[in-house]
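*Asks:* As a plain string of letters, each chain reads:
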Amino acid sequence: MAMRMVTVWLPDWPVVAAGFDGSVPAAVMAANRVVARTAAAAAEGVVIGQRRRQAQRRCPEIELVDHDPARDAREFESVVRAVAEVSPRLDVIEPGWVSMAARGPSKYFGGDVAVAEHLQRVITEAGVMAGVQASAGVGVADGRFSSSVAARLSVRRAGPVVVEPNQSPAFCAPLPIGWLQTLGESDPEMIDLFTRLGLRRLGDLAALDPADVLGRFGHPGVHAHRLAAGVDVRPSSTTDPAPERRLDQVLDDPVAQASAVVFVAKQLADELAQSLAATGRVCTRLVVELETEHGERSERSWYRSAGMNAQAMVERVRWQLDAWVNLPRGSEQEITGGVALIRLTPDEVRADVGSQLGLWGGQSEADRQAARTIARLTTITSDEAVTVPVWNGGRLPADRYRWVPASNVDLDRRVRAVSSAGTGSGPSGPWPGTLPAPSPSTVFADPHPAEVLDNVGQPVQVSGRGVVSAPPARFRLMAGDETSGWRPGRVRGIASWAGPWPIDERWWEPDGHRRLARFQVVTEDSDGGQRGYLVVAEHRQWWVAALYD
Amino acid sequence: MMTISSGLTASGLAAPALNDVLAALGDRVAPVSMALERTLPTPADCADLFAEGGLVRGRTLSSGGPAATSVMLRLVAAAVEAGGWMAVIDVPTLGLDAASELGIALERVVAIDTRRSGSDAGERAGEVDAAVWADVIAAAADGFEVLVTRVPSDVRPSTLRKVVTRLQQRGVVMMVVGDPGPLVCDGVIDTGRQVWAGVGAGWGRLERRVVEVTATGRRLPGQRCRTMEFPVPESHGSESSESPSSESPSSELPVPEPSIHELSTAS
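Here the protein sequences line up with chains A and B, keeping their order.
Residue numbers in the first sequence follow this note's numbering, run continuously in steps of one, and reach 549 at the last position.
Residue numbers in the second sequence follow this note's numbering, run continuously in steps of one, and reach 816 at the last position.
No wet-lab data here; the hints were simulated from the structure.
Heads up, some of the hints might be wrong.
[Unchecked claim] These stretches of chain A come out as covered by chain B in the derived footprint (C-beta under 8 Å, 3 or more residues):
{"id": "1", "region": "10 to 21"}
{"id": "2", "region": "379 to 390"}
{"id": "3", "region": "440 to 451"}
{"id": "4", "region": "527 to 533"}
[Claimed, not checked] Derived Cβ-Cβ restraints for the label pairs, each shown as a range:
{"id": "5", "chain 1": "A", "residue 1": "470", "chain 2": "B", "residue 2": "593", "range": "25 to 35 Å"}
{"id": "6", "chain 1": "A", "residue 1": "274", "chain 2": "B", "residue 2": "568", "range": "40 to 50 Å"}
{"id": "7", "chain 1": "B", "residue 1": "768", "chain 2": "A", "residue 2": "264", "range": "30 to 40 Å"}
{"id": "8", "chain 1": "B", "residue 1": "594", "chain 2": "A", "residue 2": "446", "range": "53 to 63 Å"}
{"id": "9", "chain 1": "B", "residue 1": "767", "chain 2": "A", "residue 2": "44", "range": "28 to 38 Å"}
{"id": "10", "chain 1": "B", "residue 1": "594", "chain 2": "A", "residue 2": "402", "range": "38 to 48 Å"}
{"id": "11", "chain 1": "A", "residue 1": "446", "chain 2": "B", "residue 2": "703", "range": "50 to 60 Å"}
{"id": "12", "chain 1": "B", "residue 1": "768", "chain 2": "A", "residue 2": "341", "range": "51 to 61 Å"}
{"id": "13", "chain 1": "B", "residue 1": "594", "chain 2": "A", "residue 2": "485", "range": "42 to 52 Å"}
{"id": "14", "chain 1": "A", "residue 1": "508", "chain 2": "B", "residue 2": "767", "range": "51 to 61 Å"}
From a predicted model like this one, the values you see are computed outputs, not experimental measurements.
Even glycine gets a Cβ: it sits at the ideal position worked out from N, Cα and C.
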């Protein structure tokens, strides 16, 4: 029997935290995707998950800001404090999303509906105090998943959604299966598979035999099945308070810099994650306690259904610390001294079944940092200036990749786009006749003219049948460039050469037809040092396609 | 594949050897040494080019000579493979296939062309604006571990100092392609001589090479030499046993061993 939970969900919190009013079209972007938008932007057709360009096309006057999780957490603190007045034992899942046990507050306020309405009122007031336009959806149901769904539906229905006890399965059954993805419980591939198999509603999945689901989909499938059936995430038997796993660090010398606190927290988190992983467990609820030398305390419980790795724990410590430091003056437990104690308590652990998801789809901190930097570089230069490679295919080195603006692609879904293997290339792939590895390390996009001479100084010619008029003996690379004109460069003796390897491409296309022959040429200097070139003969002209430098 | 010792500098052996000993001693008595923290992952066969045993974060290196680009890519490949991101700034000629064969994860490569910044991109194409270049480098230092770039010739020394300081703060390695111009690099990787194997007079193809690499510079005490071998990569060209065209008779002819003896006796 799942525990009865109240969940509070503030829609599009990142954009509220960024200080936008609902009447202004604005959106918050992460990795070139919309993660939150205002009501005005939603009315213009901007949806979550849209790319930057698409959002700008729908709504040209939209204001876009970068996602900053620290800002979200900082601004969220006022809401958390308001909710903590109602129920002190609450779990922050992410900024904008809090859940707590319903039993205590429900008894105190006289029923689930009364709690939910009270919470909505309290949060709106807290938002006004903090100067943001906070409107919350509140849902009460059995289990965290059902109550989170109820909270989100409550935003649309403009009133709390309360599911009667034991009615959660019936409540979930008619809902589309995509809710599992929306709440971050299942990955998109799994939902896609369910949909293709005809499991379009949560009820369809719940109707299956758990043993069959386990056999076919493994642990992630069982997890989804359990949620869809309205059962709580964890069976109660795996609860492990594990008091001995609590880790703390007393700092003899209290530290005032946030970065130093985070550094200590990182060591603790690494140790904790390692000790949990050693027994095959992962922490889903972490209580972070911070205490200053003057005795002020900050305690928060963080929840994440997918489990937290060390990095996720550190991130939560950072959020909490950031929110604490930025409290308004004169509030209760205001920080006045250096932090003297850091304690991490794994309040709830479960067996790690390998469903550990990254916070944003398996991205590392370096990836997120790079995505932010790319966005910044785009603003310094232009959209077209910042590009990423995409596999294109071709027989000449310059054709094999093309560069597309980074603002048009998903930076976290890039592996397939750049790998030649992803397109079925490879030993028997679609580009027979490609020169095998090693590939040239300098590739000219535009032909760089050259001269290939035989040993009497005449240009070498290649016949239509790929026969060389004379063995190449000397090689001259032109200096200069297209605009200022080409000057004859130094003549080098050819030590060895190979080819010709002819290409007869696109003969079916009058404009695109090309006939050329490739050569590899190695020149030798007087000291015996060699240089490699990829040289092409086309229409009696020689040009260098690439250097093996 | 053959391995050879780095006994190339027989003639100038005494002075560098002494310097090496001094450098090693200097390292041993240096007070702060979190070398692993400060170095990027460096392939084992390149590590002994540096006194610290790896490519130190925050340094600028230039590479020159007939194998400059490959050696440079090889030095940074391990760092990109391990999850770092690489920015290629104003080097449109970088061969991505070669990078991929050397182990660079192309999904973490981003190219920035500073000539296409701003609205008037089309008009002054061809000229790199030194100020824009410096801004781009400074911004890129926030999110990338490795920068590969060309230094504009007209950049002012004061701007360069700011850029270098920024790179040191962020612990980013900048690899300079071509002439570093007014920038004095911490290290200079010189690829002196290279010898190719696998290709003859009209037969075979470029396969393996041996490159003689020298690392010098103000932050690299002494002069460290070694030879680097580039074996045949196994990536997209794994059809390597057959020649790309039936007209080349390479598959019938025996492929000679690389002429390393020639390299080691010279110089």
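*Asks:* Now tell me, hint by hint, if it's right for this structure.
*Replies:* Quick rundown of the hints versus the structure:
no.	hint	verdict
1	10 to 21	violated (count 0)
2	379 to 390	holds (count 9)
3	440 to 451	holds (count 6)
4	527 to 533	holds (count 6)
5	470/A x 593/B: 25 to 35 Å	violated (46 Å)
6	274/A x 568/B: 40 to 50 Å	holds (43 Å)
7	768/B x 264/A: 30 to 40 Å	holds (32 Å)
8	594/B x 446/A: 53 to 63 Å	violated (35 Å)
9	767/B x 44/A: 28 to 38 Å	violated (57 Å)
10	594/B x 402/A: 38 to 48 Å	violated (33 Å)
11	446/A x 703/B: 50 to 60 Å	violated (24 Å)
12	768/B x 341/A: 51 to 61 Å	violated (42 Å)
13	594/B x 485/A: 42 to 52 Å	holds (43 Å)
14	508/A x 767/B: 51 to 61 Å	holds (59 Å)
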